[in-house]
Each structure stands twice: as structure tokens, then as C-alpha cells.
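Number of protein chains: 4
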Amino acid sequence: MRWKSRVHRFNAQSPCDLSEMERAIGQGQLDAARIIAVLGKTEGNGCVNDFTRGYATQTVNASLATHAAAAGRAEQRAVVVMSGGTEGCLSPHWLVFEKLPDGDGAVRGDARDKGPRLAMAQATTRALLPEELGRAKHIQLVRDAVHEAMQDAGITCAADVHYVQVKCPLLTRQRIADALARGATTATDDAYESMAYSRGASALGVAAALHEVEMTGLEELGAAVCSNYGLYSERASASAGVELMHNEILVLGNSATWGGNLRIAHRVMADPIDLGAVQSVLGDLGFDATRQLAPPASARLVALLAKAEPSRSGSIRGARHTMLDDSDIAATRHARALVGGVLAAVAGDTRLFVSGGAEHQGPDGGGPVAAIAEVSGSSREAA
Amino acid sequence: MRWKSRVHRFNAQSPCDLSEMERAIGQGQLDAARIIAVLGKTEGNGCVNDFTRGYATQTVNASLATHAAAAGRAEQRAVVVMSGGTEGCLSPHWLVFEKLPDGDGAVRGDARDKGPRLAMAQATTRALLPEELGRAKHIQLVRDAVHEAMQDAGITCAADVHYVQVKCPLLTRQRIADALARGATTATDDAYESMAYSRGASALGVAAALHEVEMTGLEELGAAVCSNYGLYSERASASAGVELMHNEILVLGNSATWGGNLRIAHRVMADPIDLGAVQSVLGDLGFDATRQLAPPASARLVALLAKAEPSRSGSIRGARHTMLDDSDIAATRHARALVGGVLAAVAGDTRLFVSGGAEHQGPDGGGPVAAIAEVSGSSREAA
Amino acid sequence: MRWKSRVHRFNAQSPCDLSEMERAIGQGQLDAARIIAVLGKTEGNGCVNDFTRGYATQTVNASLATHAAAAGRAEQRAVVVMSGGTEGCLSPHWLVFEKLPDGDGAVRGDARDKGPRLAMAQATTRALLPEELGRAKHIQLVRDAVHEAMQDAGITCAADVHYVQVKCPLLTRQRIADALARGATTATDDAYESMAYSRGASALGVAAALHEVEMTGLEELGAAVCSNYGLYSERASASAGVELMHNEILVLGNSATWGGNLRIAHRVMADPIDLGAVQSVLGDLGFDATRQLAPPASARLVALLAKAEPSRSGSIRGARHTMLDDSDIAATRHARALVGGVLAAVAGDTRLFVSGGAEHQGPDGGGPVAAIAEVSGSSREAA
Amino acid sequence: MRWKSRVHRFNAQSPCDLSEMERAIGQGQLDAARIIAVLGKTEGNGCVNDFTRGYATQTVNASLATHAAAAGRAEQRAVVVMSGGTEGCLSPHWLVFEKLPDGDGAVRGDARDKGPRLAMAQATTRALLPEELGRAKHIQLVRDAVHEAMQDAGITCAADVHYVQVKCPLLTRQRIADALARGATTATDDAYESMAYSRGASALGVAAALHEVEMTGLEELGAAVCSNYGLYSERASASAGVELMHNEILVLGNSATWGGNLRIAHRVMADPIDLGAVQSVLGDLGFDATRQLAPPASARLVALLAKAEPSRSGSIRGARHTMLDDSDIAATRHARALVGGVLAAVAGDTRLFVSGGAEHQGPDGGGPVAAIAEVSGSSREAA
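Chains as they are written, first to last, in our numbering: chain A, 1 to 383; chain B, 1 to 383; chain C, 1 to 383; chain D, 1 to 383.
Keep in mind that the hints were calculated from the coordinates and are not lab data.
Since we're looking at a predicted model, the values are computed, not measured.
In this text, a Cβ means the ideal position worked out from N, Cα and C, and glycines have one as well.
The hints are all genuine.
Interface residues of chain B toward chain C, partial, derived using beta-carbon atoms under 10 Å:
1) 45
2) 324
3) 333
Among chain A residues calculated to face chain C with C-beta under 10 Å, some are:
4) 14
5) 44
6) 51
7) 329
Input sequences plus hints: build the corresponding full structure.
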């Protein structure tokens, strides 16, 4: 069977506002049963006490359950990842990924661009034990799940993967206590720090799957988590949440066997003001990014995703930044506002999926940037 | 006598760190007696309880006094304006404006670019009465002071003025009470709000001086303060401080009668992600801004100044922003981080003078952007 | 029929944690069908972008609906009021008010204290038009609803009412635009400010109902909203929310016709450090509050509720406070942390319902404080 | 020679406002040459980027230098310790400690209370090497300096010491790099964390000096820093600052050999709502603290000092607090607001010296509380 991808971007008036998605479903533009992932930018602080993520997740899950019940079908498994923090220009929105049969092969034939198309799949690891989180076993399980999703998506070459979203667990006091009761110790005994370990191990799992790090052994990679930041993935984006102990993975890449009219590309930003990387990723998708995208072109860009993080060095191009020393605003909030400005400058759109906490996701202070766009020459209606 | 301008940009490790300036003075690269203005970006919150401004001002004034005393001369009058808030990538720094005789006319002759050069002057209004602040009289006094500074700088045409920095007063409880005791009422009885009124009236004073608003009468302009935001200056940057009741003005423009190797240009950003305006102002100074400035070019750019403010509409290009609804981070802090990202994307440098609170300084949500650069073809050493 | 009240205090591990309530229902200690109100302290910022209130409300409503559905009954109308902000020692918790038939009259007869008991009822106004919010009509509707609830609760004398919780609406851009489209203007065109107007009018409605203000006419009271703070209620606690346009009211008082073993008392704090008022309200309920309540006594205290607000004067007992000048922390967050400290000092418990935004709820800088306790001499089991 | 102490409490309108102190000096109520310590509560965030401390310190030092120069004397060495953070009710103020000859022995004879009087002295350690900070050598140096100050103050018994203020250094990137260049490693490579290590070692140094910890060896104490919180001082208050590498110590106690009319007492709060400890320390000084101190009594209380910190357990008396999970407000800011409320409830005054960061200063979540008051029966004028 031949598949195609559709990506919908809906505005959110609040963490519980799915009205645009419901309208699209009601009008037949989106098939609720075909949703395999929902990513959301929500307007919390993106840190420990950001309850907009849970609120939005509760809302999305309730909606998916309602649609499944109304159709008399079992609820499908969808990856639901909320990223908190819409600092600066960032606009709260949902990205809904739909995988559906490519019935109208004719459409594809019409497109002038015969290149590969966006392919996608999700996978899930087994639940981690608390003592496994942030360590070699965590890396291994994510690595294997990425491979499983690649196979499911029909992507055979690692180079064709351009973005891997991981939703990973974190440690709570109770989970740490459970491990201790069994005589096991955890990677850290601090809940907040465990988020970094979990994101870091997830990212290294992606890096291992995509051959981005020398495979000198899982144990060595495990020891590198939150320690050797020279090891990283250029395509991973990880987000930790309290509501799960397993890992959920969404793999996005390009495949010649998929239909539809979307394609994905990625680059890595060397630092938060790396305009060149943003221009390049857009250039890869056929945009002229020497100027800001104007409406006809910008409408072709359906998603722009990046990780943001202040450099540990305390400086950017040799000049001091104050993000790490600000006790009033969390450093990741500064970084998202900043990277949002750099991306919006070129994209001319503020519905950007910029998320923070980029351990092992790109170099220190930088991070992956990925874009999904309609291929040039396709007509929008054909999608 | 023929003058020339020099603009020095020094890094600040803290609000009391003038070490780079002191070193330049010690090495003869800067004549303390010739300093006419010091602008600083300090790392406070830029809002009511930002004491980094006062701390930095106290430090600068002490330094200027020490140098004057050491040289046995009276202390010169310098405009000292601190702008708080270095969110995102913004790097704390000082901009020191030096006006000195253009002794080596020969240098000018060598430059391939024969165009006008950066000219500058400062002026001061009389002290305002509390009841005058934010009203027609305030506008009038600033307008006249701008004209006085233009004359001093030898700039005859309003179109040659590209940036006017105003440091203006604000109302305290005591000042409001003083007015009331005389039977007078003030524009507002809220100290924080008075900062907006003062900046707004100052900006309209600049607009009046530069013929940017229809001169239908000062009274009408007074009534427009913080009310009719359709009236604004594209070249004013105003900052309110508690330590003065008069207004200090620094006028920067171009003049064919000045020497040196610097030139200034400005544009207005229509909204905070108006990349085109930033590219244009750099284009005006001979840069190719379709890519990020690389080191040889970026070193030519000695200052980039802009105002930042979230749009009152609550949206940017139709997509909602959350800056005005965030009760944890002041809206101006979001806006500075954002505009810093847009500017740094092109400038490739984070020592940017981005300040908040842009009432009547550019359109709603946008603001002026000005750049000072060495003219192409001049040699740096010639300065 | 004879009624009695029960008040349950449950800890909340997060805004979506109702586990203690569910357990109580499961064990028959609480009848879900008898819940008439749920008040919650949630751990958001208590300001504009506090989504923990909506999250908690969504969670409570889903629970009540589930229990009603499971029992095959229509869902009862319950007042659900979430107050954001658990600064300092304040601990997130739920207060669940249960009204049930007083079957075991014998118990009452056993109690040594023959005085009146906690009586309660709720009422709802019709939906307000946007242009009515914060004005005379708003006051009138709340006043009438308080009277209706008093009647329902069998409280005939205003002096027997000790606490009135109001959940009131606020204005959004859309609601303001709707009014404008009809040619009507609203009390304010600022959404945040409309919260203060709504709380203020609600509080004056309570004051009018309880004869706390000279009834010189509703129009005069309407003009006093957010203007003449000399007019206030000593028993109102109002909270504004976006999810409704009507007002929900919970009246708590004492009545000789009710059973159970609870009683309520109130006092007004003259300023945020008015220890005497807290000691007095506890003294009214038979506690010795010259020392902190020790466990046997503190267990008798089932709820302690207060409003917190920084004084507009900028000082407390003549010494300056900085709550209103802090641009990093909202003033109400400071005030809740402070008042929580004062209350906890005496109560020896941190599950305190301290809420902010006290317009016309007590004098400037002060506010009502109410306590609910088991009457001395009653046995806990008898409840 | 016989000495006496005077303690002056001055309001601060801003971090640079010493006007009340200057007036007292001008009116002969305070001898600038006799000032041995100035403590200040300043209105910053009390965290990393709190520049109000540096601003206030710069201001105090300039004033002391000016007075010394005007009198033609060398500047005296005074301990200047600024504590940032005036959350909740806390009012910015200065505490000025003056040590002067007790010329009027007659006064002392008149006082009905013949007990000991406030005695005080300061001492300074040598500069630490970066690698010594937070370790055994740091503890030893502080211990010895406390002993030196005790001797200077004529306090022979450790039990007569009631409060020891330490101003200690912190590590910067440069200092850490200096150590590394010499082949030495530091206790931590994180600047923020080094503040905790420095405060912790300082507190353990005080504990060692006052025999509050079993002296099983300095090395063991060094290993306990920020690790074994069961070891602590009940009388230490430590504050870290970037501007020094040595430690400055102020010892306050009681001595029968001193005159004046002041006395000091201390207790330890077991947790932040330990009202009993506050009532006890006031009781030790002759106050009836079962009610809030009323003006005649409260005027006798010249200083109330306490440390505040959220408990690491995440709960207070078994109920969860959210101070450690709030990414918008630093935990120490919550804690100061809370403890300020508890203290003000009894003191009836908001000029309280509540400081945060209580590592090894009292038990987890609690901290020392000390009070200085005029002895009952002394007349104010006699001081």
C-alpha cells in the first residue's frame, strides 16, 4: 500500500483550544482516525511547573477518544508531545500529523517535482525502570525504536531521516524511592536534572540509530550522557514528561515510496544566531531565503522546528550573554525567544515549533532545525 | 572648526565594569574630555525596579568626574542613558560617543566615499514641572532642544537626522503630590504609567522637530500622547529615568561638514520580525545583508540600535503572541529578546542596543532601527 | 428537612490530582451527589496566564460528570472556584462542600455546644452583558443572588453570613467588541483590568446584600467600583474567570436550624500582618490562638480562608514595601506568600485558602479572614 | 576601656539611599568613625544577578570614605554585608552597628536590668585560594576568625555568642580557571553552586568555633559541606559575594563587661512557620509575644534577623509546598516572603533582616532567628 503524509498547523487560543482541528475534522479535511502524532506549542514556562503541557495533553487525548468512540472504533495510538514556552513571537499552535492511503496516485504524477516525499512513523519502547533512565539501556531502547519506526515508514537509509521527536520519561521522588527499595540507584536523585538525563539519553539513542556517533559501545555512550556534549544528534528533539515511563518516538524523513506533496529537510544551527543554517534548510526545500518569505512562499512552509539552548560558555561569538545568570527568567525561556526571532526573521511566520532543553541535540548553544514544505510545483489543492 | 565623530563599543562584565573604556582612555584611543554621550545596555529587567541603570550611571559619572579631576578641568556635560534589559542574545555593553577636532583632513581625502559623515550634538531642556510632563509643554521643550542640537551639530535638514536619543523624567509620588499642593494635576497619578507618558511626549517632540507629524498644533499633539498611536517618530528613542526632571537629548545625523569615517542610517520596522527593514538599513550603509555579516564586514558596523515593543493587537501577522498576557515575564522583556534575535540574525553580533517602551516611536509593535558604520572604502586606522 | 454541612480538605499533588477525593467517595466518606461546591488552591501564578485554574476545573467537572453518569443521575450544579497561586508555604488543596440530610439528630443532641451550625447554599445570576460587567447592574444581580442563597440556606439575618465566595466573569477582546458592535461601551477595554472591575462589583454586590455599605443607590455603588475603596465587604471573596458570563455564588453562614458539627466565623484584617484579626477569628471558634495551634486543636480547624493584597499606599505601618514595584513578581504573588505566613504562624497548617485581588474585599491592603471549625465538645466521629 | 554598642535601623528608599544615616551623622546621633558594620536589606532578587547588593555596597563605601576624608582620618575597616530580597512585607533598610566608649557609666547603673549587654567585634580571614573555598581550610579560617572576634569583643564563652554574620567569597569562571592552571581543582565548577559551598563552609566554621558540631576533625567537616545537612550552626548567617576572596565576620553576643542598653538573644526555627521559636526569642528579651508587639514595645526591638529556606523534603508539616518546583520565582524568594510574614506577625514591624540560602545554618527548612532589643527598664534616652 502506498501512503502519504499530511501536516496540519492549527492555531491555539489556549491550551484547551482545539477548535480549528475540530472544524477541520468536521469538514472532512482531516481524518481523526489517521492522526499518528500531535505536537503542540503551549504557552506555559516550559519548565518544571508548566501545567499547560498536561492540560493540552488531557484535551487532545479526550478529543481523540471522543472521535474514536463516535466512530465505534478502538482509539488509535498517537504520539502526543507538548512543548511548553511561547516566548517572544512564538505563537501557540498544534501540528497534526496524518498518515493516509495515497489513493490519488494521479496527483503525484502531476507534480513537476518527482523527488521523494515526507514519510513518517511512530514507535514506542517498553517502560523503563527508574534505574535505566538516562543510561545505556535507555539509549539502546530508543535506538531500536527509531530503527523500528524507520522500517515502518519504509526509510532504509539513515540519511533520509531528518527529524526524530522523542517524548521520554523523568524521575519523580517516588520512582527514585522505588529503585532504592530494590537496591538500585538512579542516574540522578534530582527530578529536574532527570529531565536533562532523559532527553540526553534519548538524543544519543537517536544519534546511535542514525550513525551520528562513533559506535564504540553503548556503555561509553551511557557514560557520556550530560557529560560529553561533543557527542550529539543533529536530528533529535527530545522532551521529557512525567506522565509516562516509556519513550514515544516520531520519525520524519523522506522516501521515494511515499506520495503526497510534502518534503522535509534539516540543518544544524551552530549557535542561536546561525542565520545561515536556517537559510540553508529553506534553500534545501526550494525557497529563496535571502529575503523573508513572502505570503505565497511562506504558505508552502507547513512547519519549522528547532531546538534552543543558551551556550554553556556564557557567550555567543565572544560576547557575553546573560541568559544563564538571570534568576528571574529561566535560561530556556530566553533561548526560545531568541531562536524564535531568528527563525521568524526568515520565515515571516511565528507559528514555529521552538523547544528548549537541547542536551546532545546539536552542539552546545546550537541545535537542529528542520522544515517541512510542500514541494515546489505541486498545487496546494492536490494534497 | 571641523569636527569628527568616533563611536566606541565596549563590553561590560557587569553594570559597574568600565574596564575596557578605562583601558582605551589609558592607551590614548579615547579622550575622556571629548565624550559627549554614553549609552549603555545593562542587565536588569528594564522595568520599574531595574537598579542596574542607576548603578551603571553612578559608575559612569564617577569615572567622568575622576578623569576631569585628574586633568584639572571642569567636568563636561555628557548625556548618560542606560537602557536596562539584555534578554536573549543581547550582550551588556557601552556605546561611547566622542566628538573631536578633525585634525587630519588628509584622511578624509583618502576615503573613496566622499559622502557625508556622522555628526552629533546634545542639548538639554529646562526642568519640567510635574504637571508639564507628558503634555504639550513637554513636547515643545523637546522639539526646541532637538532643533538646538541640530544647529550645534551643523545639521540643517531634518532628513539628515537619523536617530534622536532622549532621556526624560518620570513622576514619583512626591512629584505628583507637589503638583497637587500647587493645585495642579498631572497627566497620570501612576508612577509606572508616567514613564510611558514621558517617553511618548518626548517622541512626539522629536517627531515635531523633524516634521514627522502634521503640525496642527502642540495642544493636539499633547492630547495624542499615549492615545493616538498613529502619530509617531521614526527616529526617536526615549528612555525615562527617575534621576532627572529635565530632558537630555542626543541627536545623531549625517553632515557634509563633518569628517571622520562614520555614517548613520535608519529605517522603521513595521513589526518585530521585519527583517526587510534591518536589511535595508544595512544596505543603506553599503552592506550586503542578504546573508549574515561575516567578520570583516561586521567589524565595520559599530552600532545597531532599535526599539522593541509587543503589538497591542496581540498578534503578529495574524498569529497570536502571548507577550502581553504573560504575568511572569514583562512584555518588554519578551520583545527585546525577540528583536535582538532578528537583528543578530543579520548583524552576526549581539552587542545590540535594543530598548523597550516604544510609545510613539515607530508604529504599534514596530519601531525605529538605526545603524552606524564605517564608510566603505575608509581604512579603519584612519579613524 | 434538616440539613448539615461537611467540609473536606484534600491535598492536591497537581492541578489534575483528585485522588484523595476519589478515595473518600469510594470509601463512602463523601457522597458525590451531595457536593455543592469545590474550591481549590492551584499552583499557577494566579494572574492572567494561569492555566492551572482551567486545568483543575476541567478535571473537577469531568469527575463530577463521571460520578453522575455512573449513578444514572443528572449532574448536579456545583460551584467550582479555583484560586491560583500557592506562594510561600501555601499548599495546593481542594475544599469540598457537602450538604446532606441531618439524619442522626441524636448526634446533635450529644454535642455540648448547642450553638448554631454551618449552613450553606449556592446561587447563580443570569449571564451578564459585557457592558453590564463591573457596573450597577452587576452589583444588583450579585446582591439578589446572595439574598436567594441566604433564603435557600435558611439564614435570615445578614449578620449570620460569614463568607461569600463569588466566581465572576471577565471581559475578553471578543466580548468588548460584541458590546461595541451593539453601540454599547464597557467599563474598561482592558481584559486584565476587567477582572478587577468584576471582582470589585461582585464584592460590592455582597456588601449591598449584607448591609455593609450605605444603600444610597445602586448607581452610586456602580460609580464606586475600583474608585472608592472606602466602600467594601468584610465577608466577600471574589474570583474572576474567563469561562463564564454569569456569576456563581456560595454563601456560608451559621444557622440554628442546621445540624452537623461545624461553625464559621470571620474577621477583617486591617493590613497583611494583622495577627490580632487571625487570633480573634480563631478565638471566636473556641481556640486559644496565643500560641500556634497544636495537632489536636489544629485538626478541628477544617478551613481558613483569606484575601491578600498589597496596600496601594506602598507601605505597611509606615515602612515601605516593594511589592508594587517588582516587575519580576506580580504583586498579588508577594501578598499571598506574606499572608500565608501570617496565617500559618497561628494555624500550624499550610493548607490555607489565601487568594489575591481584593478590590472592595476588606480595606486597602487588608482583607477578610474566615475560619470553619468543628465546634468544641463535638466528637469528630459524630460528624 | 569599657565599650557599648548602638544599633541604628534606617529606612532605604532605594539601594543608594543613605539619607537617614547621613542625617543621623549630621545631627551627631551616629559617629561615622565608630561604625564597625553595615548590614542592608536591598530590593533585588537575592540571587545571581542581584546588582542591588553591589550598588548598595558601592554607595556605603563611598559614604564611609567621604566621612573619613572629611575628618582627615584613615578609613576604618567596616564589615559591609548586603542581603538581597525584600519579598512580601520586608522593607528595605540598613542596620548600622556602632561601637563606642561607654563614657556614661552612670546610665548603666540606673538601669533596673543589671544583666549583660550587647558586645560585638569583627574579624577578617586571609584571602582564600579558589581551591580552598567550601572545604576544610575555609572552615578552619572562619573558625579561627570567629575566635579572634570573640576575644576582641571580650566574649569568653561560646554560649554568649548569639549571631555571627559572615560575608564570604564565591567562585567565578576566572577563579576556577586560575586553580586549574595551577593543577588544583575546586569544590565545584559552577559559580552559582559555589555560593552554597561558601555559605555552607562558613556556617560550619561558625559551628566549629561555637562547639555546635562534634569536632571529629576538620576534614570530616569539609566533606560534610552541602552534603550532610544534619550538621549546622544555630547562630550563623552567611552571605556570599563576588567582590572579595577573604571572609568578613561580625560576631554579636552578650557580655557583662559591656555597657549600653542593648541585649541579644537567639533561637532556632525548626521550620519556616515555627512561631514558637519567634515568640521564645522575644520572650528571652522580656517581651510578651503572645500578641503582636504594640508600638511602645516594638520600638524597643531594634533588630530581628533570620534565615529562610524552603525545606528540601518538599513539604512543611506533611503538606506539600511548591517553592522548589516554581521555575518563575526562585525558591529563596518564596521563603523570604514567607518567613517575613511569620516574623512580622509577631513583631508588628516589617524592617526585618530575613536572608536566604541557609546551608548548614539551622536545620533543613528552618534557620536561626536572633533579636536585639533595649533591655526592659532602660530609658531610650540613656543609650
